[in-house]
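Colleague: Based on the provided sequences and hints, a complete structural model is requested.
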Amino acid sequence: MKIRMSPNIAIRHKDYTAAVNFYTNVIGFENRSSDSRLADFDADSINLFVLEDDEFNGPVLEFFVSNLEEARDYLVKNGCKVLRWRGKRQDCYIQDPFGVIYNLWEE
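Numbering-wise (this note's numbering), the sequence shown opens with residue 6 and increments by one.
Honestly, the hints are just simulated from the structure, not real lab data. All clues given are correct.
Each computed SDA-like pair below joins lysine to any residue, with the alpha-carbon atoms no more than 25 Å apart:
1. K93 with G104
2. K7 with I106
3. K19 with I51
4. K86 with D58
5. K19 with K86
6. K82 with F69
7. K82 with E111
8. K19 with V105
Modeller: This is the structure in structure tokens:
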């Protein structure tokens, strides 16, 4: 099984408008998205997404994996817990033993 870091980071927050405002007007990132529910900021070598979410607040990093279910099982056996699991091409959140949340994305 192969796991590698993705250049995608999501900022999930219940106040989507305030978060988008902050990253646009305070930080100065350009929003590349015309979607009213997803901001996609050009942040140099990473893709920074802002999404509205009533359940999770804060950053969600992402791992690319070669097999979604195998990666989930492996990580759970090694102290991680599943926070949200929607399957391939959707949110699959795992929290590591140190509190960091990752989305698993099958390549």
